[in-house]
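Since the structure of chain F is provided, determine the placement of chain C on it from the hints.
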Amino acid sequence: MQLTFSSTVCPKLPLPDTLKMVKSSEFSRIQLERLNSASSPVQNDTSVSMVRERLSSAGIKLSGLTIRSLTGRKEDSNERNLAYNLRQIEWDIHLARALGTKNIALSGGDSGQESFDDLVEGIQSLIERVPDVNIILMNRSDSCFNSLQDVQSVLSKIGDSRFQIRVDTNELLVCGEDVIEYTSAIGDRVGEVSIRCGKEIEFGDAGYKEKLISDLISLLQSLKFKGPLIVEGDPLPVQEGIDLLRGVRENIQILIN
Amino acid sequence: MANLSMVDKQFFKDNGYLIKRNVLSCDQVEAARSSLWNGIDADRSDSSTWIGAGPRVPCSGSDPAINATVNESAVFSMMEEMVGENQLQPGGPGPHLVFPSGGEQWSEPKHGHLDGYYTPSNGVPEGTVGYMTVNVTIYVEDISHRGGCFTIFPGTHKMAHEHFKSKSLLSVQGGASKDIWSDNEMPKAVEFTGNRGDVCFWHGQMVHTGTKNINTNIRMALIGRFRRKDSNDICFETPDDMWKYWEGIQ
Numbered sequence: 001m002q003l004t005f006s007s008t009v010c011p012k013l014p015l016p017d018t019l020k021m022v023k024s025s026e027f028s029r030i031q032l033e034r035l036n037s038a039s040s041p042v043q044n045d046t047s048v049s050m051v052r053e054r055l056s057s058a059g060i061k062l063s064g065l066t067i068r069s070l071t072g073r074k075e076d077s078n079e080r081n082l083a084y085n086l087r088q089i090e091w092d093i094h095l096a097r098a099l100g101t102k103n104i105a106l107s108g109g110d111s112g113q114e115s116f117d118d119l120v121e122g123i124q125s126l127i128e129r130v131p132d133v134n135i136i137l138m139n140r141s142d143s144c145f146n147s148l149q150d151v152q153s154v155l156s157k158i159g160d161s162r163f164q165i166r167v168d169t170n171e172l173l174v175c176g177e178d179v180i181e182y183t184s185a186i187g188d189r190v191g192e193v194s195i196r197c198g199k200e201i202e203f204g205d206a207g208y209k210e211k212l213i214s215d216l217i218s219l220l221q222s223l224k225f226k227g228p229l230i231v232e233g234d235p236l237p238v239q240e241g242i243d244l245l246r247g248v249r250e251n252i253q254i255l256i257n
Numbered sequence: 001m002a003n004l005s006m007v008d009k010q011f012f013k014d015n016g017y018l019i020k021r022n023v024l025s026c027d028q029v030e031a032a033r034s035s036l037w038n039g040i041d042a043d044r045s046d047s048s049t050w051i052g053a054g055p056r057v058p059c060s061g062s063d064p065a066i067n068a069t070v071n072e073s074a075v076f077s078m079m080e081e082m083v084g085e086n087q088l089q090p091g092g093p094g095p096h097l098v099f100p101s102g103g104e105q106w107s108e109p110k111h112g113h114l115d116g117y118y119t120p121s122n123g124v125p126e127g128t129v130g131y132m133t134v135n136v137t138i139y140v141e142d143i144s145h146r147g148g149c150f151t152i153f154p155g156t157h158k159m160a161h162e163h164f165k166s167k168s169l170l171s172v173q174g175g176a177s178k179d180i181w182s183d184n185e186m187p188k189a190v191e192f193t194g195n196r197g198d199v200c201f202w203h204g205q206m207v208h209t210g211t212k213n214i215n216t217n218i219r220m221a222l223i224g225r226f227r228r229k230d231s232n233d234i235c236f237e238t239p240d241d242m243w244k245y246w247e248g249i250q
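So the protein sequences, as listed, match chains F and C. For the first sequence, the numbering used here assigns the number 1 to the initial residue and increments by one for each residue that follows. For the second sequence, the numbering used here assigns the number 1 to the initial residue and increments by one for each residue that follows.
With the rest of the complex left out, here is chain F (with noise of 0.2 Å):
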């Protein structure tokens, strides 16, 4: 399993102070957002070489990167266009391919059939049209894409190794699904999870337990998951989060061994 520090800790913070606090926290990878985020690679003052440079001198590598969703609809207009939204994601596809990942990361679009529907054509026409890139699919409570029931369906759609699921836990428990029961569904399809960690409870915000955190990586070890274990966070004063992500990675780095 590959540690990984997600910007979602730091939205404000514009890359170069991201990358220190990765550095400070002890990672050496990192997750990065498209969207609502200073180190976002689309910032105005930043080109994509500017982002590569930066990564490759901090010395941190670039586990993927979180783009638009799949909504199926035109942003502006929320007018429904399928082939309006899947040029937006395969331009964000292409920019994640630039920094030099190929692994992307997108949730769905508002909860009911139409929207699952585009989803999962979007994804049809995806894997299809870029060869060599892994699309992940993330579960998000206020979305089309959230229970165990969405998940077998989707599975069942779409059987290309290169979709996989990214386990949300924090959404899941926001949903009340059995995290365990969700990720030994998806088996080898798992293709990033990710934990979120609060200031409060060592590992989260959601009702986590160490107990969950432990059965979790066991499950994960079980299935040979040597994908991204992305930690994520709510926004926190700079030392504060480093301090808190350093304990939750010596944390999870102990379950691991």
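I should point out that these hints are in silico values taken from the structure, not numbers from a laboratory. For each residue, glycine too, the CB sits at the ideal point set by N, CA and C. Only true hints are included.
Simulated DEER-style distance windows between Cβ atoms:
{"id": "1", "chain 1": "F", "residue 1": "ILE254", "chain 2": "C", "residue 2": "GLY123", "range": "48 to 58 Å"}
{"id": "2", "chain 1": "F", "residue 1": "PRO237", "chain 2": "C", "residue 2": "LYS188", "range": "45 to 55 Å"}
{"id": "3", "chain 1": "F", "residue 1": "ASP132", "chain 2": "C", "residue 2": "TRP106", "range": "46 to 56 Å"}
{"id": "4", "chain 1": "C", "residue 1": "LYS188", "chain 2": "F", "residue 2": "ASN78", "range": "40 to 50 Å"}
{"id": "5", "chain 1": "C", "residue 1": "GLY127", "chain 2": "F", "residue 2": "SER161", "range": "27 to 37 Å"}
{"id": "6", "chain 1": "F", "residue 1": "LYS226", "chain 2": "C", "residue 2": "MET1", "range": "54 to 64 Å"}
Sample of chain F residues at the chain C side, in silico, Cβ under 10 Å:
{"id": "7", "residue": "PRO41"}
{"id": "8", "residue": "ASN44"}
{"id": "9", "residue": "THR46"}
{"id": "10", "residue": "MET50"}
{"id": "11", "residue": "ASP76"}
{"id": "12", "residue": "SER77"}
{"id": "13", "residue": "ARG87"}
{"id": "14", "residue": "ASP92"}
Positioned in the frame of chain F, the structure of chain C alone reads:
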């Protein structure tokens, strides 16, 4: 046989555009004009009906006569001579007409735009930038000064390249040059004036604009935008050598 000389290529390199005269045959021009006129809501024999007429796009780019102006002339091979043989995606031009305004006021533009940028009405998806390597404007009518000329800002291809070395492609709202450079920084605009059959090649990151037509002719232009076949792999790159992906004029 080469269509472009070393002098042509050097001019393009320095200025970001290149005008070649009489590239199309009379038959090709006439066929394209006929296709355009079939869709124009005006009397071809009565120029008084051309004022404020339309539509700006009177026929499809897939019309055989329109497509032939690029693909059955020397136009495509000229672009390949600059970009590299078999390096460009196939494509064709589309009509972009500017009808006489009927007015007399005209002013020289100080600014223009880069193509490929989102506006609410142009079909480019928000948060993306369309990548183009080389573009072409083909006249199928005689167009003189103040006749709605396609207008370029020489040297802005180099300015844009410098800009994007340290800025996101998305840093330019709507592709507007005034978002990046002041009036004083902008070079003087050059109108592409010429006769039917003349062609202007222009760099994909060249600032350009249209102008008002206060003459009597309809500005009948066909515009094609072309990108390298590997554009998905290079569209975010701004290499130190801006001609790295132009095998013909490195």
